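Here is how the chains run, residue by residue.
2 protein chains.
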Amino acid sequence: MPLPASTHAKGGENPVWVYSFGPGCPTPPLDRNLLGGKGKGEAEMTAMGLPVPPGFIVTTEACVHYKYNRLSFPKGLVEQVEACLVTLEKQMGCNFGDVENPLLISVRSGARVSMPGMMETVLDVGLNDKSVLGLAKKLSNERAAYDSYRRFIAMYSNVVSGVNSAAYEDALKACRKREGVQFDIGLSTNALKELCQEFKHIHNQQTGQEFPQEPRDQLFRAIKGVFHSWDCDKARAYRRFHGFPDDWGTAVVVMAMVFGNRGDDSGTGVGFTRDPATGEHHFYGEYLVNAQGEDVVAGIRTPHPINKMQALITGSNLPSLEETMPEIYQQLEEVGRILEQHYHDMQDVEFTIDNGKLYMLQTRTGKRTGFAAVKIAFDMLREGLIDEREAVKHVDAHQVTQLLTPIFDMRDKVMASGKLATRGLNAGPGAASGAAVFSSEKAVEYQKQGKPCVLMREETSPEDFAGMVAARGILTARGGATSHAAVVARGLGRPCVCGCGDLVFDHAKHEVRIGSNGMVLKEGEPVSIDGTTGQVFFCSLQTKPSEIIQVLIDKTKRPEESELFQQFKTIMDIADKYRRLEVRANADTPQDAAIARSLGAQGIGLVRTEHMFMDKKRLMDVRAMFFSDSEDDRKAAANRLMPYQKEDFLGIFRAMHGLTVTIRLLDPPRHEFLPHTEDEQKALAAHMGTTLERVKQIGESITEANPMLGHRGCRLGIALPYVTEMQTRAIIEAAVEVSKEGSEVLPEIMVPLVATKKELEHQKGLIDKTAQDVFKKMGKEVPYKVGTMIELPRAALQAGQIAEFADFFSFGTNDLTQCTYGISRDDAGQFLPLYVEGVFFESTHSNMQVFDFEPFQTLDQDGVGELMKIARERGRRTNPHLHLGICGEHGGEGRSVKFCHEIGLDYCSCSPFRVPVARLAAAQAAVEGQSKK
Amino acid sequence: MPLPASTHAKGGENPVWVYSFGPGCPTPPLDRNLLGGKGKGEAEMTAMGLPVPPGFIVTTEACVHYKYNRLSFPKGLVEQVEACLVTLEKQMGCNFGDVENPLLISVRSGARVSMPGMMETVLDVGLNDKSVLGLAKKLSNERAAYDSYRRFIAMYSNVVSGVNSAAYEDALKACRKREGVQFDIGLSTNALKELCQEFKHIHNQQTGQEFPQEPRDQLFRAIKGVFHSWDCDKARAYRRFHGFPDDWGTAVVVMAMVFGNRGDDSGTGVGFTRDPATGEHHFYGEYLVNAQGEDVVAGIRTPHPINKMQALITGSNLPSLEETMPEIYQQLEEVGRILEQHYHDMQDVEFTIDNGKLYMLQTRTGKRTGFAAVKIAFDMLREGLIDEREAVKHVDAHQVTQLLTPIFDMRDKVMASGKLATRGLNAGPGAASGAAVFSSEKAVEYQKQGKPCVLMREETSPEDFAGMVAARGILTARGGATSHAAVVARGLGRPCVCGCGDLVFDHAKHEVRIGSNGMVLKEGEPVSIDGTTGQVFFCSLQTKPSEIIQVLIDKTKRPEESELFQQFKTIMDIADKYRRLEVRANADTPQDAAIARSLGAQGIGLVRTEHMFMDKKRLMDVRAMFFSDSEDDRKAAANRLMPYQKEDFLGIFRAMHGLTVTIRLLDPPRHEFLPHTEDEQKALAAHMGTTLERVKQIGESITEANPMLGHRGCRLGIALPYVTEMQTRAIIEAAVEVSKEGSEVLPEIMVPLVATKKELEHQKGLIDKTAQDVFKKMGKEVPYKVGTMIELPRAALQAGQIAEFADFFSFGTNDLTQCTYGISRDDAGQFLPLYVEGVFFESTHSNMQVFDFEPFQTLDQDGVGELMKIARERGRRTNPHLHLGICGEHGGEGRSVKFCHEIGLDYCSCSPFRVPVARLAAAQAAVEGQSKK
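Chains as they are written, first to last, in UniProt numbering: chain A, 1 to 933; chain B, 1 to 933.
Worth double-checking, as some hints may not be accurate.
Put simply, identical chains are the same to the list, so a pair is met inside one copy or across any two.
With a straight-line cut-off of 20 Å between C-alpha atoms, the simulated EDC-like cross-links for lysine to aspartate or glutamate are [to be verified]:
#1 Lys522 to Glu693
#2 Lys696 to Asp502
#3 Lys696 to Glu459
#4 Lys509 to Glu441
#5 Lys90 to Glu142
#6 Lys696 to Asp506
#7 Lys367 to Glu804
#8 Lys509 to Glu693
#9 Lys555 to Glu647
#10 Lys696 to Glu458
#11 Lys577 to Glu610
#12 Lys357 to Glu334
#13 Lys646 to Glu741
#14 Lys173 to Asp264
Keep in mind that the hints were calculated from the coordinates and are not lab data.
Bear in mind the structure is a predicted one, so any value in this text is a computation, not a measurement.
The task is simple: from the sequences and hints, build the whole structure.
Here it is, written out as structure tokens:
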């Protein structure tokens with residue numbers, strides 16, 4: 001069983017598994033991957049001279065070793081812990097396990113990234129029936145000693161022995177009742193003593209073992225407990241969500257205990273150096289007097305505001321730390337300032353006040369909303385705390401979508417919580433509310449009547465396009481984050497919740513039922529979906545367009561009226577200044593093109609012409625073009641469609657004057673255009689002058705077992721050359737016409753699904769011939785380019801040959817991922833979640849993630865990425881001027897955009913509302929690339 | 001527009017487009033690709049001193065230039081032809097265009113490979129109204145002159161001007177009637193004179209132009225006519241069938257005319273130096289007295305046998321050449337001997353006798369049946385004419401299947417020709433006759449009653465397996481040469497005709513109809529299919545097993561009784577001596593394994609375990625294993641299946657004792673196992689203890705949009721680990737048991753559809769654990785290996801990582817081709833035939849083949865092959881002992897087997913009946929590889 005790569009432990013004879021920090025200790029290597037974020041923070045704050053209790057850190061590598069070696073400590077670890085313990089005893093002037101003057105320690109988790117609340121911690125390790133007496137003496141506070149002991153027993157039981165903490169909570173509740181007090185803080189010393197007995201009893205009963213009295217035993221088992229918590233369900237789920245791999249492991253931070261539960265001059269709190277929700281520049285936080293550890297977060301007592309501003313925000317009338325301990329508060333603010341100066345970022349801190357003395361227990365970069373991220377970057381830049389490059393890196397690229405999507409009114413949302421019906425995949429960010437409709441026809445009907453609606457479908461197909469346009473949001477029972485519904489929804493900027501497996505449609509009754517809770521919704525009743533959280537409410541919730549959208553698109557707000565817009569614009573302008581990668585948008589209509597341009601798109605990287613075919617007015621001729629028995633009839637239908645296609649392109653070219661527009665020729669298999677109902681089939685038979693039976697026959701004859709791998713893309717353009725001809729004519733005529741109007745027009749025609757040079761050669765021949773015809777007829781030429789999608793592995797390998805006929809390549813990473821992995825996006829739901837979630841792995845008796853990430857969301861750099869690099873290299877060798885871009889879903893995903901930057905693509909193209917994400921990610925890649933040099 | 005590579009024409013300033021041959025001329029470069037087979041033969045025979053009329057050759061490169069340059073001659077060609085004409089005039093002592101003593105020439109096609117009858121020829125070029133008089137004087141035979149002239153007019157009209165030859169045939173027929181004669185030869189001089197007038201009239205009427213009198217005009221237009229014939233429909237179709245590319249082009253051979261139509265001491269004939277049907281060593285051929293050119297082949301008169309043996313074979317009582325012109329015949333036999341000595345192969349020759357003098361007009365390697373190929377190689381080896389290496393190369397690898405498959409009685413077949421209903425793809429060689437059945441159940445029923453039947457289906461699925469086993473042959477309306485029906489049929493050695501698009505099933509009426517001709521066949525009526533030709537007869541035809549099969553498998557004949565077997569064995573033994581590549585078979589049953597071993601398989605390279613699941617007895621438990629709602633029920637079903645799986649493996653291990661057996665774990669998506677009829681669904685519901693509704697729900701929930709890219713392969717083994725465990729247990733228990741019986745057993749467990757290292761790591765962990773359990777339980781260990789299919793592009797790219805956990809890789813080139821091209825085998829029928837057939841290409845105004853070959857039949861060396869090379873290199877870098885093989889359909893295709901040899905694979909695996917093909921192809925690759933060095 002090979003170990004994951006390890007930088008420190010591998011090389012030497014005597015690997016270091018544990019590092020001390022504190023007075024007299026050298027600063028450990030400040031490597032977050034090794035010490036975890038918490039450990040690094042402690043060591044760093046110590047080095048900065050801030051008040052931190054001393055301690056030592058068991059490295060993440062020790063955890064990884066433990067995980068992959070049948071849960072055993074690496075050789076040398078125990079001895080190293082013992083040595084560090086001796087150092088700690090010297091620093092603290094008391095001994096671990098001493099009965100008279102006991103050293104107590106906390107044992108806390110801390111991975112390389114913050115995973116708040118996901119892993120475990122044990123406080124007050126070292127207490128037992130004897131040392132609790134010593135502690136009472138030492139603190140001169142018997143109550144505090146027993147309070148600590150009961151906390152320790154409960155935490156240890158839960159973390160190390162896996163005892164459900166509910167038993168302890170119940171006992172605590174009963175005790176409070178007996179004593180007639182509302183809060184734990186009201187419990188008497190005697191009550192706490194009894195509670196300790198009771199807690200030990202619970203432990204012994206549930207585990208069948210005596211509660212351990214040996215401090216060293218407690219310590220090593222607590223370390224193991226923390227290691228285990230790395231692989232607990234919630235931690236795993238959190239990593240899945242964020243795309244963190246399972247083999248990072250957690251460090252364990254062991255520190256001397258300080259006591260916030262020592263009396264009224266003691267306490268514990270958490271805070272942010274700025275407001276994490278809004279980004280406002282004031283200390284933000286809460287604290288509790290006479291409390292320990294998790295009390296604040298656990299919500300056992302109502303915490304106090306940290307300052308008067310906080311009291312204002314939360315409407316609290318409890319006395320703030322600023323008021324009750326003004327000196328400590330000043331010190332805390334000063335620590336915050338020092339930390340921001342040091343880290344150049346907003347910090348999230350934990351602290352304890354022990355007998356009037358402040359101790360910092362943790363610092364880490366504070367999580368924040370997209371709104372706060374933008375404001376903080378903007379402010380810190382102004383304050384001179386960070387430079388432009390840092391400002392660009394300050395905002396998580398994906399968070400900017402928060403600034404663009406409509407949101408529910410928070411209060412309504414909370415109040416509606418009884419109406420929370422179910423959850424699905426948060427596939428398209430934003431919030432939508434409206435009447436539930438179960439068909440696209442219905443959606444269009446509602447739209448005509450001016451009634452907002454949410455389209456609910458088992459899944460969507462291209463025929464639902466009109467309905468998706470008409471609806472405020474889309475909810476599906478099947479399909480993943482890159483299903484048709486999700487892709488189209490994001491393209492349209494529609495909020496979307498996908499793959500809500502719990503939804504059961506009863507079309508006969510015109511209702512849906514939630515399988516798990518039996519809630520029922522009839523068609524027409526209000527429903528609200530939050531595409532940012534995946535929540536589905538069976539009620540109506542208010543939404544409003546975001547401020548940025550009001551300024552940029554709706555123009556209902558002037559730029560100077562919006563501070564948020566000014567901040568956003570400042571950051572995006574800086575991003576544009578630093579990025580090298582061009583950002584285009586995928587857009588199929590003039591409206592979308594205009595939106596994309598407003599959001600900063602420098603061109604359209606993908607126009608999907610087939611979406612235009614779905615219009616009711618055109619569908620009959622589209623079908624006649626594909627399905628008529630005689631070629632003449634098919635050509636005639638194509639000719640009838642031409643003016644409509646041209647109209648589309650006219651609008652897009654006008655909207656994008658001066659910028660490139662890349663138009664993909666027909667791509668999907670023909671059966672997506674088949675009529676489904678018998679009425680539609682009859683209408684088509686009449687339109688085509690044939691029988692219903694024949695229409696059905698045709699439908700059967702072109703139905704495919706694996707449509708993704710079927711007769712589509714350029715295979716259609718080659719078999720039905722008149723379609724390519726018609727589309728080219730529409731594009732080039734529109735281009736010449738807009739050019740005659742005086743606008744610059746830069747059309748690129750893109751041939752899909754090419755596997756061999758000859759396919760492109762064939763289509764390019766047809767395109768060039770048609771373009772020349774149009775130029776001659778219209779008496780004017782416009783420059784145009786012909787290129788291809790690289791979306792099949794063979795195309796990537798043959799890129800050198802294909803480039804002979806291509807001005808540009810656009811990587812279609814959706815299809816390329818499908819074929820490289822042999823996984824259908826549509827069907828991946830059967831196993832991909834399991835693969836990413838992890839499965840039982842026989843060799844280690846532990847959970848194993850089969851895929852580290854969802855390859856349709858995040859580009860697979862090893863496989864798909866290698867093909868992209870091969871294609872780039874071979875294509876550019878043939879044609880050094882070959883322009884390279886990406887137009888798959890990955891074009892709007894941060895990590896993937898960075899990869900595109902790194903491998904030297906020229907542009908990425910994504911849904912209009914992802915354009916700011918891509919701009920920022922591209923800038924971050926450029927800045928990181930420079931700092932690497 | 002780039003030109004195809006050209007070796008001669010490209011380099012110099014003055015490329016050579018035309019080469020002279022004959023007395024006084026230097027021998028041209030004897031390059032078949034440049035001169036064509038015919039041209040090379042003429043030039044070579046001339047150099048050997050054989051009697052050949054002089055002439056010159058327009059190269060294939062000139063044709064390619066013409067084709068790709070809007071049908072224009074290359075610069076310099078006309079001048080070079082003129083110069084060669086001058087040389088020819090000197091050689092012949094008469095002038096082209098001379099009225100008194102005219103030089104006449106033939107203008108004939110000749111590509112680098114023989115394409116018999118596919119392209120065009122014009123004889124007697126140079127004749128006109130005046131020179132015909134000169135010719136009459138020169139030949140002292142007015143009749144022969146006019147006979148030549150009328151032939152010339154008709155041929156020229158047809159080849160150059162595209163006039164339908166039927167008009168000439170009609171006129172000729174009318175003339176014969178007028179004259180009251182049966183054959184052309186009976187026509188008087190005057191009648192022929194009139195015919196010439198009439199023919200010219202037809203020409204002028206149909207073309208609107210005067211028949212050209214200018215010989216040079218005739219010559220250059222005839223050359224163009226031959227160039228054009230390269231791209232005529234039948235030539236294209238022929239190339240498609242044989243997989244020859246369109247850009248080879250044809251050479252044009254221009255020769256001085258000799259006259260077989262000069263009287264009774266003249267004639268023309270064709271022959272083979274040995275019998276092309278049986279391989280017997282005697283001259284084989286036919287001739288006609290007083291005739292020219294195509295008369296023999298055209299069947300206008302009954303040709304005479306060339307010798308007494310031929311008379312015997314054909315039962316002809318016409319006098320033979322051996323009898324009428326014994327000296328000429330002796331000379332011809334001698335020429336044959338010289339040619340065989342020179343070419344080391346049987347030759348196909350054309351000759352003309354002009355006034356008692358023999359002229360050789362053509363020699364080429366003679367086409368022959370598989371039977372003849374084996375006998376000729378065997379004989380020539382004995383005769384010392386060829387060595388072992390040549391003997392191996394003498395037999396086309398695919399032809400050996402002819403020796404293995406049952407055949408129709410020839411006479412019956414001819415007589416049944418009125419019953420020829422339609423044709424399909426010749427997907428599985430051999431002949432089958434029986435009652436038509438339209439369902440697998442029916443096939444099984446017929447088999448039980450001992451009635452032979454042919455299974456006719458729209459297409460087949462794994463559920464048809466039992467029916468396919470029960471039937472004598474398989475006929476489908478849909479699917480290509482690698483469809484399920486074709487693959488399974490070849491695996492079973494069943495004759496198969498696929499993709500018979502003309503078949504219309506009417507299941508209500510229990511009949512099929514042929515769309516094109518309205519023929520109807522009711523279920524139960526006799527049908528015969530010839531899987532070698534693709535023919536379908538609506539009648540019964542006798543078949544018999546091949547002699548080789550009688551010896552090797554049926555054991556109804558002793559080896560020493562069969563000469564054919566001795567010959568076959570000799571050749572195959574030599575092949576085995578020279579080849580490096582190991583040959584294994586794909587076999588799913590002990591019976592198939594035994595057959596494969598008899599045919600020389602050195603192991604089983606692929607056992608598809610899922611075929612075993614389709615057995616009626618097991619299907620219920622298979623379904624319960626997949627579809628039960630509770631995991632316990634699923635596991636219980638798996639455990640019930642285990643003994644059956646083990647039984648299968650016991651049989652295979654016993655049959656293959658001492659040889660490797662590679663077993664692939666479950667591969668296909670689960671919905672292939674779903675019950676389809678409501679009765680079956682009800683039965684399953686009862687078996688699973690659930691409702692019919694639930695069974696339907698489950699069915700719907702696992703149905704996939706693109707099953708090829710869905711939840712299958714190791715994705716099942718990971719999601720349902722108990723299936724992997726059950727299969728491993730069955731394999732290892734069987735292996736230990738057979739090992740205990742004293743046989744050597746070498747199991748290899750193969751994990752399908754791996755895309756990432758971790759998938760294989762996971763499955764290997766499970767396999768190893770299970771194997772250790774079994775070893776412990778049974779008290780004995782056997783060596784086993786674990787490896788994976790490389791059938792996804794990503795697996796090939798990640799081979800270096802995957803090889804960490806693999807003892808072997810087996811390239812699954814079916815799936816690898818699908819994903820590399822993004823083409824579903826099942827759906828390729830919509831466009832792949834068109835791609836291979838060719839489409840109109842705008843840039844050159846000519847036909848363009850989009851794919852040079854069918855990638856599911858012949859391995860794509862550029863794309864798929866590169867991935868294989870990448871996988872080989874990266875895999876072996878990680879694990880130098882990695883064993884490499886192929887088990888896709890390509891493993892039994894000659895060119896693909898050679899590629900596998902060249903890239904250094906260790907073995908190929910194919911259907912049992914393809915094993916001799918692979919053995920021979922592997923030997924040929926080895927011999928060719930050595931001769932290259």
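Hints and how they fare:
no., hint, in the structure
1, Lys522 to Glu693, "neither (36 Å within a copy, 23 Å between copies)"
2, Lys696 to Asp502, "between (34 Å within a copy, 18 Å between copies)"
3, Lys696 to Glu459, "between (24 Å within a copy, 19 Å between copies)"
4, Lys509 to Glu441, "within (17 Å within a copy, 40 Å between copies)"
5, Lys90 to Glu142, "neither (25 Å within a copy, 131 Å between copies)"
6, Lys696 to Asp506, "between (27 Å within a copy, 15 Å between copies)"
7, Lys367 to Glu804, "neither (49 Å within a copy, 40 Å between copies)"
8, Lys509 to Glu693, "between (31 Å within a copy, 18 Å between copies)"
9, Lys555 to Glu647, "neither (26 Å within a copy, 76 Å between copies)"
10, Lys696 to Glu458, "between (24 Å within a copy, 17 Å between copies)"
11, Lys577 to Glu610, "neither (36 Å within a copy, 59 Å between copies)"
12, Lys357 to Glu334, "within (14 Å within a copy, 118 Å between copies)"
13, Lys646 to Glu741, "within (15 Å within a copy, 78 Å between copies)"
14, Lys173 to Asp264, "neither (23 Å within a copy, 126 Å between copies)"
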